[in-house]
Amino acid sequence: MKLTYYPGCTLNTVAKQFDASAKKSALELGFEMDELSEWNCCGASFPLTPDNIMGLSAPTKVLAQARKAGDTVMTLCSVCYNVLKRTNKVIRDDTDRRDVVCGFIEEDYDGSIDVLHFLEVLRDRVGFEKVKEAVKRPLEGLKAGAYYGCMLLRPFEDMGIDNCEDPTIFEDLLKALGCEPVGFPNKIECCGSHLALGKDNEEIVTKLSGNVMQSAAGSGAELIVTSCPLCQYNLDGAQEKLEASMPGYRPVPIVYFTQILGLSLGQSETELGLDTSRWDARPLLKEKGI
Amino acid sequence: MARIGVFICQCGKNIESTVDTKKVADEMAELPGVVYSCNYRFMCSAPGQEDVKKAIKKHKLDGVVVAACSPHMHEKTFRRACEAAGVNPYKCEMANIREQCSWVHHDTTKKAGTAKSIDITRMTIERLKKNKPLKKISIPVNKRALVIGGGIAGIQAALDIAEGGREVILVEREPSIGGNMARLSETFPTMDCSQCILTPKMVEAELHDNIKLYTWSEVEKVDGYIGNFTVQIRKKARYVDEELCTGCGDCLVKCPFKAPSEFEMGLATRKVIYTPFPQAVPNIPVIDAARCPKIQKGKCGICEKVCGPGAIDYEQTDQIVTEEVGAIVVATGYQVMPTARFGEYGAGKIKDVITGLHFERLASSAGPTGGEIRRPSDDKVPDSVVFIQCSGSRDEAKGVAYCSKICCMYTAKHTMLYKHKVPDGQAYVFYMDIRAGGKRYEEFTRRAIEKEGAMYLRGRVSRVYERDGKVIVQGADTLSGDQIEIEAEMVVLASAVVSRTGADQLAQKLGISYDRYKFFNEYHPKLKPVETVTGGIFLAGTCMGPMDIPDAVSMGSAVAGKVLGLFSAEEMAREPITASVNTMICNACWDCVVACPYTAIEKEEVRNKKGEIVRVNAKVNDGLCQGCGVCVAACRSKAIDLAGYTDEQVYAAISVF
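Chains A and B supply the protein sequences, listed in that same order. For what it's worth, the working numbering labels the leading residue of the first sequence as 485, then goes sequentially. For what it's worth, the working numbering labels the leading residue of the second sequence as 709, then goes sequentially.
Isolated chain A, as found in the complex (with noise of 0.2 Å):
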């Protein structure tokens, strides 16, 4: 199985990890990720007002570059994957605002692409039972914290990876590399990632980042699994505040879930980039005998 994979601009960035981890399991679990070979930025962010065409342009030329290359596009980071598949939508339901926006970046599509996430495609096409069969290394005794944040999940209506109050994809994963899944309150509350670049914003920003890391801690998450490198870079930021401000609070690693997964498969540690983590795994992992 070949999918046509959008990395998106974190992934060949800050989120490297997150990619070579990726790729790397997948040829693991029998399908291969061939990434396009042109694309540009998603523009990381849907526009909610319906007469915004010029933010769907960004979205719709990589979804129009993928369709040359196959009937479905998947994604890694939830940000892409929350824009190219809302965007998808309005293509292929609204005729007018598709007429524009195609006319514009001139192409002629037509929202007839499949948009899935790499979560999507382990339990739909691979089958959790197989990753658990794949597994060399049960990652036994970790309590990994799954954490979903807001992209992947909603709109329901628009996504519907998964029931957006109370999802288990991420636990059902976890659970089949062996983990002990933590499903924490506040695991599909935002980290405030979106408002961490405008100006006055940070006291939200720690307060909203802070509920997270607070429900999980409290919850027994030893380590945080995310699929978004935003929230990934948020959390390991907002635990230096915490660390600062609350006396006893202990940081966790906050990792991708690919990284977990590359983990329970085999891969050494710094192939999986575990090395590069501002709140390093590998002790915990240590302790944990994996």
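Simulated from the structure, these hints should not be mistaken for laboratory data. Careful, some of the hints might be misleading.
With beta-carbon atoms standing in for the labels, derived distance ranges [what the hints assert, rightly or not]:
id	chain 1	residue 1	chain 2	residue 2	range
1	B	P1046	A	G644	21 to 29 Å
2	B	E1104	A	I537	22 to 30 Å
3	A	P639	B	D931	47 to 55 Å
4	A	K659	B	E951	50 to 58 Å
5	B	E1104	A	M730	36 to 44 Å
Since this is a predicted model, take the numbers as computed values, not measurements. Think of the CB as a built atom: it goes at the ideal place given N, C-alpha and C, for glycine as much as any other residue.
Given chain A, put chain B in place with the hints provided.
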């Protein structure tokens, strides 16, 4: 040659202002077959009707056209006048020159209105020439009623019909009648105890000579039509002989096996042989066969040993009984949206997030906690409770766009019950709007807010989760604009009132319609609120939509009035507007059978003297046919015609142009 009289109504100024009725009358007089025509200020008035009768006699009329308002308004009036004067009522037709002409034309020169009125009236005259005299169909009426559902609405209907001197078959799916009302603690706005006012009615229903009770039973199949239904009822195996059982309760005490109680909504256990609650009617237990080791594996048998009268019968099987009735009352009630549907409120996994019906059981003195408010997880008396109104209701994302109507009131009641039982406790209520329309209802909710200390917060709750043994409620107060986090010890969802599981299947068995929420449809939302489109089948209570106890009881009584009215004559007359099949043309394609919304068309086998089938064709059952005409449109061989609306009549009307 026909002898037709044409009567043009001015309807005061309603028609006359845009139609020259005199001119219409004069023009009509010229038409062949018209022997008399006139115009008049109000044809529907007593003198107007008299004029029609006099003209019929004087001019020996054999047909009448009244050009006036819609036949919905006065067709009956004029047909009755014609009948009184000796003309078959179906030889009287109305031409609608008001709703379909004068009201939509504003030309005061009367040119357009008059021309159109002339056309409409001419069409009706030509149509009338092809009318055949029809006779009302009379149907014998079996004067027994079936009531499906033994909640308060069904009990009230059954009691009122029985009091009216007619036999009633009351079928209830559960082991006891009583329905959801039996679960309630106290009722708004009077705070009287629900069971105290309900159980006397339950006992009355049990003891009434005219009521035959089938509990632990379900309607299996319904055949027939108004006045003549044949109903098959499945009496589920009780494993207890109803004749022998004395209701002593020894078996319940000795049975060693427990199961979650359905009546207590899982908040308590019951025995495997059980009655749902102490005041059950009838007071005869049932055995939960799926959980009974004796029935499953042949081990135990204690109940049989302790039963004095020897009423236990492990060999019992389901019985199908057949009852003949003339009318059916559907009163199957409601259920609430389960907490598992609320992912954002813990998806049914947080034990201390319960529904309003659960809270009723906690507050009920006969409930699992003896009326003390104790939370399910650890039996602690909660020092704070958050009530979330509109849980599911008015929420398209949950598939329920409607207001459940009773929640504002019962939530206010819950806060008061809680305050009375836990004086130091704090009740919080998240609400969207407070809808307290009803006698003494607004005063009641004001009392909860102003006198009984409930804190009402206008806004929605986004998330409920557990933290350190507390239930954390995150919400918004839209009046202050603040985000709110409450550390509660229990959360009560005012879960949406939804239709019963299986309501759609029952509707299909009965041939009645239902809406997208599977609530049954009334015939007309204002003027026929307890009838269905299927003759002889009526509705009462929450099976047609959310309502409170007074409304459900009113509907139960209203329906009894309708049923007793139906039963007041030996035979009932009904409109002869029914379809009939020309069996010589019918090619037995059965498109009409599929198309008929009332299952009124049967497949008829015609046999010769030797009993061999020589032909099959469609046959319309007059009793069931409602004259909608769908089969006429569906029939490709044009073998079906509708009396009163024949093809011949329609073509004649068109042919005037």
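Here's how the hints hold up against the structure:
1. B:P1046 to A:G644: 21 to 29 Å: 22 Å, holds
2. B:E1104 to A:I537: 22 to 30 Å: Cβ of E1104 of chain B to Cβ of I537 of chain A: about 28 Å, so the range 22 to 30 Å holds.
3. A:P639 to B:D931: 47 to 55 Å: With Cβ atoms ~49 Å apart, the hint holds.
4. A:K659 to B:E951: 50 to 58 Å: Given about 55 Å between the Cβ atoms, the range holds.
5. B:E1104 to A:M730: 36 to 44 Å: For E1104 of chain B and M730 of chain A the Cβ distance comes to about 41 Å; the hint holds.
In this structure, none of the earlier numbered hints is contradicted; all agree with it.
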